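Let the sequences and hints guide you as you build the complete structure.
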Amino acid sequence: MHVEATVPKLKIEDLEKIRQRARRMILLREGAGRAKITVHMGTCGISAGARKIMNALLSMVEEAGVEDVILTTSGCAGLCSREPMVTVEIKGEAPVKYVDLTEAKIRKIFFDHVLGGKIVTECALAIGSEREP
Amino acid sequence: MPYRAHLMVCTGTACVSCGSLEIKRVLEDEIRKQGLEDEILVVATGCNGFCGQGPIMAVQPDGVFYQKLTPKDIPYLVEEHFLKGRQVKKLMYTPSEKEAPIPKLSEIGFFKKQRLIALRNKGLIDPEKIDDYIARDGYKALAKALTSMSLEEIIKEIKDSGLRGRGGAGFPTGLKWEICRNARDNPKYIICNADEGDPGAYMDRSIIESDPHSVIEGMLIGAKAIGSHKGYMYIRSEYPLALKRFEIAIKQAKEYGLLGKNIFDTGFNFEIEIREGSGAFVCGEETSLIHSIEGISPEPRQRPPFPAQSGLWGKPTNINNVETWANVPRIILRGADWFASMGTEKSKGTKVFSLVGKINNTGLVEVPMGITLREVIYDIGGGIPGGKKFKAVQIGGPSGGVVPSSLLDLPIDYERLTEVGSMMGSGGMVVMDENTCMVDIAKYFLTFTNNESCGKCTSCREGSAAMLEVLTRISEGKGEKGDIDFLQELGQAVKDASQCGLGQTLPNPVLSSIKHFREEYEAHIKYKRCPAKVCKALIKYEVNDEKCTGCLLCDKECPTQAIIGEKKKPQTIDQSKCIKCGICYEVCKFDAIEVKTEERL
Chain A
377 MHVEATVPKL KIEDLEKIRQ RARRMILLRE GAGRAKITVH MGTCGISAGA
427 RKIMNALLSM VEEAGVEDVI LTTSGCAGLC SREPMVTVEI KGEAPVKYVD
477 LTEAKIRKIF FDHVLGGKIV TECALAIGSE REP
Chain B
38 MPYRAHLMVC TGTACVSCGS LEIKRVLEDE IRKQGLEDEI LVVATGCNGF
88 CGQGPIMAVQ PDGVFYQKLT PKDIPYLVEE HFLKGRQVKK LMYTPSEKEA
138 PIPKLSEIGF FKKQRLIALR NKGLIDPEKI DDYIARDGYK ALAKALTSMS
188 LEEIIKEIKD SGLRGRGGAG FPTGLKWEIC RNARDNPKYI ICNADEGDPG
238 AYMDRSIIES DPHSVIEGML IGAKAIGSHK GYMYIRSEYP LALKRFEIAI
288 KQAKEYGLLG KNIFDTGFNF EIEIREGSGA FVCGEETSLI HSIEGISPEP
338 RQRPPFPAQS GLWGKPTNIN NVETWANVPR IILRGADWFA SMGTEKSKGT
388 KVFSLVGKIN NTGLVEVPMG ITLREVIYDI GGGIPGGKKF KAVQIGGPSG
438 GVVPSSLLDL PIDYERLTEV GSMMGSGGMV VMDENTCMVD IAKYFLTFTN
488 NESCGKCTSC REGSAAMLEV LTRISEGKGE KGDIDFLQEL GQAVKDASQC
538 GLGQTLPNPV LSSIKHFREE YEAHIKYKRC PAKVCKALIK YEVNDEKCTG
588 CLLCDKECPT QAIIGEKKKP QTIDQSKCIK CGICYEVCKF DAIEVKTEER
638 L
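From first to last, the protein sequence lines are chains A and B. Take the first sequence: its letters are residues 377 to 509, numbered as in my numbering. Take the second sequence: its letters are residues 38 to 638, numbered as in my numbering.
It should be emphasised that the hints constitute simulated quantities derived from the structure, not laboratory data. Treat the hints loosely; a few may be bogus.
[Claimed, not checked] Distance windows between CB atoms, simulated:
1) A/Ala-500 with B/Thr-107: 40 to 46 Å
2) B/Trp-350 with A/Lys-387: 31 to 37 Å
3) A/Glu-389 with B/Lys-425: 55 to 61 Å
4) B/Tyr-113 with A/Arg-397: 34 to 40 Å
5) B/Glu-275 with A/Pro-471: 47 to 53 Å
[What the hints assert, rightly or not] Listed next, the stretches of chain B that the computed footprint assigns to chain A, with coverage defined by at least 3 CB atoms under 8 Å from CB atoms of chain A:
6) 42–50
7) 94–105
8) 120–128
9) 154–168
Everything numeric in this text was worked out from a predicted model, so none of it was measured. From the three backbone atoms N, C-alpha and C, an ideal C-beta is built for every residue, glycine too.
If you want it as structure tokens, here you go:
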């Protein structure tokens, strides 16, 4: 007797599960998050420990299971003595620059500001961003 | 741990042919060398559309666009941007020498005015991964159509959306489906026409290469609405990459049970078989295509009966083109109103055009119907290279017609293009500058259609040959009084007497160029001159004595030793030897070679 191999056929619920799983990857590509965290990774930032901050952020994003936060990097922000630095931009709000970061500080910033919406003033350097003339 | 950046490397046919696979390999090596492999992911995407700038790459989430990459740029790029976070200006798109580089893809004029439906996933997903497609709401429309819509509702949605066939004639898609569904006979077949044959057109290839599942999902929804369980993908074998990606997509869809039996446990069965065409232009015509699938000589037949009543193996058959199918899932998911909110009164949604020829930004663009030609050519296309003047654009391939510069503000839709003697066709746009001769262009397209005529109808076979003969005579300076009238009369006869779209439209390039550029034909016939200085028999190359330095560069390059003269003295061209290849004109650094076309009465 010929028995057909059973293929795990997709149900509609499975489709949604795959979508959720793959969604975060795709959101990053669409660049359309609710919040964007830029880690300044110039030479100064890297030597002051920016990479550690980046790694901490990456694992927090995973831990919190958030989909709408985009992590990215940029060069030196021009204030090398206060590195590591990050800029947090919540959609519709002015960007906030945080300085002299440690893993503990970035954790507070991530949960209080990025997820909670409350600026962590004790770590903030300034609100707003410099512009080209 | 999630990645912090995705490098979207275009691996469409155009970018692959200029080395994007090598770029991807070097990128991956370099990223590993810098220890960034856990943070940065390299993704191979389908065609991004900006084909003239390849190999290209978009960095997400920042949206930075890098272009014309070479392997030797990569180590620097990886170190600067991905290790140190400094974007590399010199690899960015720069509109002109006077302007600053534009870092972001979304701010480049070429991308800014585009609205993506058929190409919604281009550059965002890996076309060889079904999960990427699902993440962008893939197969959600199918789930909706299978579980919460009746057959009537699916067809009504497509009808209300105003979607029309994107392959050429623009027949309303929903109506086509309804006719096929109402046909009494069974079984019914679905066909995807991917036999894209117009010179300079490659939108269908690109859709399959960048998003094959969108076509499969569209076909599944159509099959459900029509009541078909078997579909065919008819694709040119000259499209190896598209073919490969479609094969992979079918395999993945089967593994997930999205093709096969009892899809989503709804009792609906559907399978797709691939048939490769061998590149005969006439196979794009639906009855010829059906004959080709049946394994008989691909000649068209008289309609009616239309394929919707009697098509493949005499059974009701629905044929739509690739772009049409790719639109379907989006319409089902977002609704007819959403789709119909874009476009003009009778042409809804968007259209993909391939922008080629004398244009700065060569590539593939998807724009809302009703956009003006000016916006496409200048805002998106970046205008004409070398500061030359825009003369005309051939829309719709060899079946279409030329639209002159005086109609730059024409909104593009099905009706308006037909009114001016052109047609939407599949959406090829060949842009011509002031150095393009209209007689020469008409001759080019007619040579193509004359070659591709299947020969069944005398009007098409002999008519195209006779028209070509007259055009050739005109371009050789042997035109006679009455030639224009003859071309118009014969053109009309070929249109009236031919059975299929090929013959019915092949006179269009001639008729439309006479309509808009009659004086150019007259210059060739009456005065034996070619105003655009293209037709070889009517031009000659001469040396400007004042500009010529006697550097002898032209002498070195001339294949027939037609350049005469001593070093450091002005040269002359021996007209009896000159074959008018134009190489002297191209190599001269002092603009000393001039092309002349003189009036001869």
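Problem - Distance restraint hint 34 to 40 Å, applied to the beta-carbon atoms of B/Tyr-113 and A/Arg-397 - result: holds (35 Å)
Handout entry: Residues of the segment 42–50 of chain B with Cβ under 8 Å from chain A, three needed, outcome
Key = holds (count 3)
Practice task
Go check the segment 120–128 of chain B versus chain A for me, would you? Three or more residues, Cβ under 8 Å, otherwise it fails.
Solution key: holds (count 5)
Exercise for the section: Given the hint of 47 to 53 Å, check if B/Glu-275 and A/Pro-471 actually sit that far apart at their C-beta atoms. Expected result: holds (51 Å)
Exercise for the section: Check, residue by residue, whether the segment 94–105 of chain B contains three or more positions whose beta-carbon lies closer than 8 Å to a beta-carbon of chain A, and give the verdict. Expected result: holds (count 4)
Handout entry: Outcome for the supplied range 55 to 61 Å, where the beta carbon pair is A/Glu-389 and B/Lys-425
Key = holds (59 Å)
Problem - Assertion that chain A covers the segment 154–168 of chain B - criterion: three or more residues, beta-carbon distance below 8 Å - result: Our answer is that it holds, as 3 residues pass the Cβ test (under 8 Å) against chain A, meeting three.
Practice task
Take the C-beta atom of B/Trp-350 and the C-beta atom of A/Lys-387, compute their distance, and say whether it sits inside 31 to 37 Å.
Solution key: Holds: the Cβ-Cβ distance is about 34 Å, inside 31 to 37 Å.
Practice task
Given the hint of 40 to 46 Å, check if A/Ala-500 and B/Thr-107 actually sit that far apart at their C-beta atoms.
Solution key: holds (43 Å)
The structure fails none of the hints (numbered hints given earlier).
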